[in-house]
Amino acid sequence: MSWNRQARLLAAALVLLGCLFLCVSRAPAQAVPYQRPVDTAPQPGAIGGGYKTPDVQKPLPRAYWLQVLDVGLLAAALGVSVWLVLKRRNRKWLVALTAGSLAYFGFYREGCICPIGSIQNVTVALTDPRYSIPMVVTATFVLPLVVALFFGRAFCGGVCALGAIQELVVLKPIRVPRRLDQALGLLKYAYLGLAILFAIRPALARDFLICRFDPFVGFFRREGAPHMLLIGGAFLAAGMFIGRPYCRYLCPYGALLSWCTRLARRGVTITPDKELDCGLCTGACPYGAIERMRAVRPNCFYCARCYAYCPRDGELARAKPSLVQLPGAPS
Amino acid sequence: MSEDLTRRALLGNVARGTVLLTLAGGAGFLIRKANGQVVWQVDAARCLNSRLGEVNVEACSLCTSACVVALSAVRAVNEYSKCGRCNVCPAYFNITSAVDEHGLPSEKLCPRDAITRKAIGKVDPEDPANNFYEYAIDEDKCDGCGKCVMKCKEPLGLGSITLRIRYDKCVNCNRCAIATACPQSALLQLPVEQAIRPPEVRRLGL
Numbered sequence: 001m002s003w004n005r006q007a008r009l010l011a012a013a014l015v016l017l018g019c020l021f022l023c024v025s026r027a028p029a030q031a032v033p034y035q036r037p038v039d040t041a042p043q044p045g046a047i048g049g050g051y052k053t054p055d056v057q058k059p060l061p062r063a064y065w066l067q068v069l070d071v072g073l074l075a076a077a078l079g080v081s082v083w084l085v086l087k088r089r090n091r092k093w094l095v096a097l098t099a100g101s102l103a104y105f106g107f108y109r110e111g112c113i114c115p116i117g118s119i120q121n122v123t124v125a126l127t128d129p130r131y132s133i134p135m136v137v138t139a140t141f142v143l144p145l146v147v148a149l150f151f152g153r154a155f156c157g158g159v160c161a162l163g164a165i166q167e168l169v170v171l172k173p174i175r176v177p178r179r180l181d182q183a184l185g186l187l188k189y190a191y192l193g194l195a196i197l198f199a200i201r202p203a204l205a206r207d208f209l210i211c212r213f214d215p216f217v218g219f220f221r222r223e224g225a226p227h228m229l230l231i232g233g234a235f236l237a238a239g240m241f242i243g244r245p246y247c248r249y250l251c252p253y254g255a256l257l258s259w260c261t262r263l264a265r266r267g268v269t270i271t272p273d274k275e276l277d278c279g280l281c282t283g284a285c286p287y288g289a290i291e292r293m294r295a296v297r298p299n300c301f302y303c304a305r306c307y308a309y310c311p312r313d314g315e316l317a318r319a320k321p322s323l324v325q326l327p328g329a330p331s
Numbered sequence: 332m333s334e335d336l337t338r339r340a341l342l343g344n345v346a347r348g349t350v351l352l353t354l355a356g357g358a359g360f361l362i363r364k365a366n367g368q369v370v371w372q373v374d375a376a377r378c379l380n381s382r383l384g385e386v387n388v389e390a391c392s393l394c395t396s397a398c399v400v401a402l403s404a405v406r407a408v409n410e411y412s413k414c415g416r417c418n419v420c421p422a423y424f425n426i427t428s429a430v431d432e433h434g435l436p437s438e439k440l441c442p443r444d445a446i447t448r449k450a451i452g453k454v455d456p457e458d459p460a461n462n463f464y465e466y467a468i469d470e471d472k473c474d475g476c477g478k479c480v481m482k483c484k485e486p487l488g489l490g491s492i493t494l495r496i497r498y499d500k501c502v503n504c505n506r507c508a509i510a511t512a513c514p515q516s517a518l519l520q521l522p523v524e525q526a527i528r529p530p531e532v533r534r535l536g537l
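Residue numbers (the numbering used here), protein chains in the order written: chain E, 1 to 331; chain X, 332 to 537.
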C-alpha cells in the first residue's frame with residue numbers, strides 16, 4: 001500500500017517537472033542569454049565599403065573671447081549709463097540703453113552671468129581654498145561696485161537686466177509710505193546675509209539662494225519651474241504699481257551698491273532753485289528716492305525720470321520754444 | 332565752514348580709497364587664484380549608467396528630471412569609434428522582447444525613439460546579420476534618460492554610449508541641479524581643458 005502511494009507521488013512529481021520543462025521551452029527566444037558578437041569595436045578597415053567613422057558632434061562651451069566681450073559690454077554700458085544720466089540728463093536714450101541691456105544681458109545671455117549672482121561665487125572663492133572663479137566673474141562682480149564708488153548706482157539704471165525688466169513695466173507707481181519703504185528696504189540686507197551664509201557652507205550643503213530664487217531668469221530663458229515663473233509674474237504685476245519691488249526690497253547686490261554709493265563723490269543731484277521749487281521731480285520718482293526735493297542717492301536707480309520731468313533742466317528745458325506754445329496762440 | 336568741508340572731503344576720499352583698495356585686493360586674490368573657464372561634465376566612471384559592475388539595475392534618469400532646462404542638457408552620445416556596430420544592439424533593441432520574423436527583437440529600447448540604425452560598409456542584403464550597423468542618436472529627441480547607456484556597457488556592449496553635457500544646451504548654473512541631485516556625485520565642475528579634448532580646446536583659443 002505504502003509502496004503504491006510512493007509510486008503515485010513520484011508520478012505526480014514527474015508530471016509537474018514535465019509541465020515546468022514545457023513552460024520553459026515555450027518561453028520566447030530571449031531566454032537564451034544575449035551575448036555580444038564582438039569584443040572590440042570594428043574599425044573602418046574591417047567594415048569596408050569606403051566607410052568613414054563620422055565625427056561625434058560635441059558642442060563647445062562659449063568661447064573665451066566672447067566672455068571677455070561680455071565684460072567689455074558691461075563696462076561700456078556702465079560708462080554710457082553714467083554719461084547719459086549725470087552728464088546728458090537724458091531719459092530717452094537711457095530707456096534705449098535699458099532695453100538694449102535687457103535684450104543682451106537678459107534675453108540673449110539668458111541672465112547669466114550677472115553681478116547679483118556672482119556675490120555667491122565670489123564668497124565661495126574667497127572662503128573655500130579649493131574653489132576658484134574665472135577672471136571674468138571677478139570682473140563682473142567688481143566693475144559695478146567701482147563705478148558706484150565714484151558715480152553711484154549707474155548699474156541699476158541702464159545695465160542690470162533684472163532691473164530693466166521691472167523698469168519697463170512701471171505703469172502707475174504709488175508712493176510707498178516712507179517708514180514701510182525703509183522697513184522693507186532692510187530685507188535686502190537680510191537676504192544678502194542669508195545668501196552669504198548658504199554660500200560659505202561646506203561644498204555638499206552649499207546652496208546658491210540668489211540664483212535659485214531669481215524671479216526673472218525664467219523669463220530670460222523662456223522656461224523654468226512653474227512656481228518661479230509665477231513668482232516672477234507676481235513681481236512684474238506688483239511692479240506696475242510699486243516701482244521695482246525686487247530692486248528696492250530684495251536685491252542683495254543693491255545692498256552692496258548702496259553702501260558704495262554713500263561714498264560716491266558724484267551722483268544724481270537735484271539743483272536747488274530759488275524761484276521754482278516745484279517738486280515735479282518728487283512726483284515723477286516711482287522709487288521714493290527724492291525726499292524734500294533732494295535725491296537720496298543710495299536709493300536712486302538712475303532712471304533719470306526726475307530730469308525728464310524738470311522744467312528747468314533736461315529735455316523739457318532744452319525743448320524748442322515752439323513745442324511749448326499753446327495751440328491757437330498767436331505765433 | 333570751508334575747513335569742515337575739506338575735512339569731510341578728506342574723510343570721504345579716505346573711505347573711498349579704503350573700499351577701493353579692499354575691492355582691488357579681493358579681486359587680485361581671486362585673479363591670482365583664478366582658473367580658466369569651468370564647465371560641468373558627467374564623469375562616466377562615476378555615473379551609475381555607465382559605471383562598470385552595475386548590471387541588471389534600472390537605469391538612473393535623474394539627469395532627465397533634475398536639469399533646469401526643459402529638455403535636459405544631458406544627452407546620450409555614441410562614440411562611433413568605440414561602437415561594436417552589432418546586428419542586435421542591446422541599446423537599440425529591447426533584447427528581452429519577442430523575436431520577429433527577421434530574427435530581430437520586436438521592440439526598441441529608447442522610449443523617445445531617438446536612435447536610428449543604418450547598415451554601413453559593404454552591405455550584404457542576403458545576410459543582414461553579417462552586416463555592420465551605425466547607431467546614431469538624435470540630439471533633438473534624446474533627453475538623457477540613460478537607458479541605452481546602461482545596456483551598452485560591458486558585458487552586453489562595449490560601453491561606447493555615455494551621458495555627456497551638451498554645451499549648446501547647458502546654461503552652466505552656479506550650482507548644477509543635476510549635480511545636487513546625483514547620488515553618485517558624477518557631475519563635476521571641471522576646467523574646460525579637462526572637460527573636452529585637446530584639439531577642441533585649441534580651436535577655442537584657450
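Check each hint, because a few of them may be wrong.
[Said to hold, decoys possible] The calculated lysine-lysine pairs, modelled on DSS-like cross-linking and capped at a C-alpha distance of 30 Å, are:
| # | chain 1 | residue 1 | chain 2 | residue 2 |
| --- | --- | --- | --- | --- |
| 1 | E | LYS58 | X | LYS472 |
| 2 | X | LYS439 | E | LYS274 |
| 3 | E | LYS87 | E | LYS172 |
| 4 | E | LYS58 | X | LYS500 |
[As the list claims (entries may be wrong)] Here chain X is said to cover these stretches of chain E; the calculated rule only asks that three of the stretch's residues, wherever they fall, bring their Cβ under 8 Å from a Cβ of chain X:
| # | stretch |
| --- | --- |
| 5 | 267 to 279 |
| 6 | 295 to 309 |
Hints listed in this document are in silico derivations from the structure and should not be mistaken for laboratory results.
From a predicted model like this one, the values you see are computed outputs, not experimental measurements.
The beta-carbon is built from N, C-alpha and C at its ideal position, and this holds for glycine as well.
Each hint tested on the structure:
1. LYS58(E) with LYS472(X): holds (16 Å)
2. LYS439(X) with LYS274(E): violated (84 Å)
3. LYS87(E) with LYS172(E): holds (28 Å)
4. LYS58(E) with LYS500(X): holds (11 Å)
5. 267 to 279: Three-residue rule not met by the stretch 267 to 279 of chain E, so violated; n is 0.
6. 295 to 309: violated (count 0)
The structure fails hints 2, 5 and 6 (numbered hints given earlier, in ascending order).
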